[in-house]
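*Asks:* Listed below, chain by chain, are the residues.
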Amino acid sequence: MFKTQKSKVIMPNAQYSKQFDVFDINNIQKPLNIIQMKKILILLITVVGFVINSTAQSTATATATATVITPITISKNSDMSFGNVSVQSGTGGSVILAPNGTRTRTAGVTLPAVTGSVSAASFTVNGEGSYTYDISLPSTVTLTHSGGVQTMAANSFISNPSGTGQLASGSQNIAVGATLTVSAGQLSGVYTSTTFNVTVNYN
Amino acid sequence: MKQIVSLFVAVILMATISKAQSKATAIANAKIVTPISIVKNTDLNFGNIAVQATTGGQVILSPNSSRTRTSGVTLPAITGTVSAAGFTITGESNYTYSITLPTSLTLTHSAGSKTMMATSFTSNPVSTGLLTNGTQNITVGATLTVSAAQLAGVYTSGTFDVTVTYN
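These protein sequences, in sequence, are chains A and B. Just so we're aligned, residue 26 is where the first sequence starts under my numbering, counting upward by one. Just so we're aligned, residue 1156 is where the second sequence starts under my numbering, counting upward by one.
Just so you know, these hints were derived from the structure itself, not from any lab. Computed from a prediction, not measured in an experiment: that's the story for all the values here. One or more hints might be untrue.
[As the list claims (entries may be wrong)] Here are some chain B residues pointing at chain A (derived, C-beta under 8 Å):
| no. | residue |
| --- | --- |
| 1 | D1198 |
| 2 | N1203 |
| 3 | G1211 |
| 4 | I1215 |
| 5 | T1318 |
[Stated by the list, open to error] If you want a taste of the chain B side facing chain A, the calculated C-beta under 10 Å gives, among others:
| no. | residue |
| --- | --- |
| 6 | Q1207 |
| 7 | G1235 |
| 8 | G1289 |
Idealized CB from N, CA, C, for every residue including glycine.
Based on the provided sequences and hints, a complete structural model is requested.
*Replies:* What follows is the structure in structure tokens.
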């Protein structure tokens, strides 16, 4: 129908054929159909997708730090010695040796003027300056007569400082005392313990 | 016949208009998502550590900056500076992202030869974050392995990477 129609209307988007002087509807530039539009959309979305990917990741850096402190150590300076003790035949008692090396007595125990060697145990603790630490003492230590049979028990261990120490300048001395229980008629002689432990831990 | 031609022109014009509209829609879809970014707020710091002469151990620093210890390691009352690493993520609101942490990291004594290893990096949130209002803070902890009688002193790492990626 169009091929036989001469018209003065110039149609936009249409090619005009000079050769046949007619419109050829097949040459009209058609609007994009839905499939073509989808293709363009997909293309655009793909381009956008690349843009997103280029900004979808970010990295930050940090450092890690740790401080290992000077290990804590303890060394013995002097052993504990209760000195010379006498006891009544009918009544026992105890000797309380304070960390400062002084003695007190109870009940049937007396402390002769000839004291013998009397000393609290003494230790030096070393470690990181200004740090605090716990002091662990034994609960009971057994002292045995040189003859091997008779014994006495030392307990109620106490230290100065008590419980917790502090390494003001990386070092501290601690002294340890205890209470010795002496039975009535305790066999005379020298009584010695095996070693006991004093432990320090950073707290 | 004129009516038919007019109708035809109208159809073409309409089609042309609809074509223009499709282009406009495509351009609207080209909105670019806010780029994701991560910034460090705080470095990782295990604080002060003591270790026994004969037994090593570990310090586990959690993302909430609390520490636990194992075996021969003790944590002194004087803690020093203890902190998990902290970062701020910013990006498109309500987007989720994945968090990539290092697997291991070497800390070196200030004297240069002795080392310790940090491993088992963990973060809060774990693995995936959510940019609720376009931003989120994340914290990162790790586990430090300390050898028996580890030389006393300050140990520092080189930088390590924490990477975030949109899901």
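*Asks:* Work down the list of hints and note, for each, if the structure agrees.
*Replies:* To see whether the hints hold, each was checked on the structure:
no.: 1; hint: D1198; verdict: holds (5 Å)
no.: 2; hint: N1203; verdict: holds (5 Å)
no.: 3; hint: G1211; verdict: violated (11 Å)
no.: 4; hint: I1215; verdict: violated (12 Å)
no.: 5; hint: T1318; verdict: holds (4 Å)
no.: 6; hint: Q1207; verdict: holds (8 Å)
no.: 7; hint: G1235; verdict: holds (6 Å)
no.: 8; hint: G1289; verdict: violated (14 Å)
Of the hints listed earlier, those the structure fails to meet are numbers 3, 4, 8, in rising order.
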